[in-house]
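**Q** Residue numbers (the numbering used here), protein chains in the order written: chain A, 1 to 67; chain B, 1 to 67; chain C, 1 to 67; chain D, 1 to 67; chain E, 1 to 67; chain F, 1 to 67.
Hints may be right or wrong, so weigh each one.
As the list claims (entries may be wrong) - Using 20 Å as the maximum straight-line C-alpha spacing, the simulated PhoX-like pairs for lysine-lysine come out as follows:
| no. | chain 1 | residue 1 | chain 2 | residue 2 |
| --- | --- | --- | --- | --- |
| 1 | D | K10 | D | K64 |
| 2 | F | K67 | C | K10 |
| 3 | B | K10 | A | K10 |
| 4 | C | K10 | E | K67 |
| 5 | D | K64 | A | K10 |
| 6 | E | K10 | E | K67 |
| 7 | F | K64 | E | K10 |
| 8 | B | K10 | B | K64 |
Hint data in this document are derived by calculation from the structure and do not stem from the laboratory. It should be emphasised that the depicted structure is a prediction, and the values quoted were computed from it without experimental measurement.
Residue-level listing of the chains:
Number of protein chains: 6
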Amino acid sequence: MPYVNIRITKDGATAEQKEQVIRGVTHLLRDIMGKNPATTVVVIDEVDTDNWGIGGETVTQRRKQGK
Amino acid sequence: MPYVNIRITKDGATAEQKEQVIRGVTHLLRDIMGKNPATTVVVIDEVDTDNWGIGGETVTQRRKQGK
Amino acid sequence: MPYVNIRITKDGATAEQKEQVIRGVTHLLRDIMGKNPATTVVVIDEVDTDNWGIGGETVTQRRKQGK
Amino acid sequence: MPYVNIRITKDGATAEQKEQVIRGVTHLLRDIMGKNPATTVVVIDEVDTDNWGIGGETVTQRRKQGK
Amino acid sequence: MPYVNIRITKDGATAEQKEQVIRGVTHLLRDIMGKNPATTVVVIDEVDTDNWGIGGETVTQRRKQGK
Amino acid sequence: MPYVNIRITKDGATAEQKEQVIRGVTHLLRDIMGKNPATTVVVIDEVDTDNWGIGGETVTQRRKQGK
């Protein structure tokens, strides 16, 4: 009964990509650790680039600088 | 001074329902564990059904199939 | 299928208290929001008082000062 | 390579304020704990006042009462 | 630069299993969403069965009942 | 009333370092965003290097390789 939280920047991930990630992570935990897929929960959070920082800068700032 | 995070699918919970849940959880932690309500924080996250997976499928997919 | 995370300071909560909190929160979400108890997950994290801060101080510091 | 999650109520924080918080927290972890800024991730979540509870009430309720 | 948090019950997962899960999730996010593996962070939390509830009961209780 | 969660690898951070980080983050949120220090909660999680992955490898693996 794992709980998985995936946080990514909001960059137009499609419903299909999210379905594939959810299916993939669920199968991975079943195959490697024997976890029951029926009770595996996966929640994806899509975060605005103004609200995501790495290296002391927001992703918005980094993209403006071509990083 | 507990911190409680409640994550649910976005399904039109009303402000009143959220107030009741926040009050209820705060009282529960006071009554069972003696936690101080004044510093108990409860945060509710409402998550799009495309972003919530269980059993390897999104809730959007499951509802289409009548699950 | 809610996911609830309850974070408290590590203060000797008993297994019975944790059972009661888990049952209570699960019933609350069923009664107020109609959430299915069978797929409601509640995870309790017990955190060392050196690692929990409020008001700019750790709980360890506050207790030494009788706060 | 710390991961920091800052949750605040949604109250019109500007992009500049968020940049400053991200930079400040990243430098703090470098200066105090020697953490590498290049791999320090900071994510800010802005939460609706209907969804944030303290003292058993939502922030929306408390503000109406002038608390 | 995704951040992934995987929470499972503490059941003797080996270092090798954890390595495989971390590698697998990182590759999945690269292959499906084009996320950069170099900055993908995955954190696994192993939680005591007394502290994990599902269906209103702790996993400890459920296992005693053979569920 | 912000809630801040700081996750770092378990590397012998001292109680003093944790106090300084908690104080520093609390003051930062007051100075930049006007947040009330009295209700600012900061929780530090120290995570085993076997359970922390970056670049598809655990920190344990990376340190063995001198990364």
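**Q** Taking the hints in turn, state whether each one holds.
**A** Hints versus structure:
About 16 Å separates the Cα atoms of K10 of chain D and K64 of chain D, which keeps this hinted pair within 20 Å; it holds. Pair hint K67 of chain F plus K10 of chain C does not hold up; C-alpha atoms about 35 Å apart against a cutoff of 20 Å. Only pairs whose Cα atoms come within 20 Å are accepted, and K10 of chain B paired with K10 of chain A is accepted, the gap being roughly 18 Å. Taking the CA atoms of K10 of chain C and K67 of chain E, the gap is about 29 Å. The hint is violated against a cut of 20 Å.
With a C-alpha separation of about 33 Å, the suggested pairing of K64 of chain D with K10 of chain A is violated against the 20 Å cut-off. Distance check on the hinted pair: K10 of chain E and K67 of chain E sit about 17 Å apart at the alpha-carbon level, within 20 Å; holds. Among the hinted pairs, K64 of chain F with K10 of chain E is inconsistent with the structure: their alpha-carbon atoms are about 25 Å apart, more than 20 Å. The hinted pair formed by K10 of chain B and K64 of chain B meets the criterion: a straight-line CA distance of about 16 Å does not exceed 20 Å.
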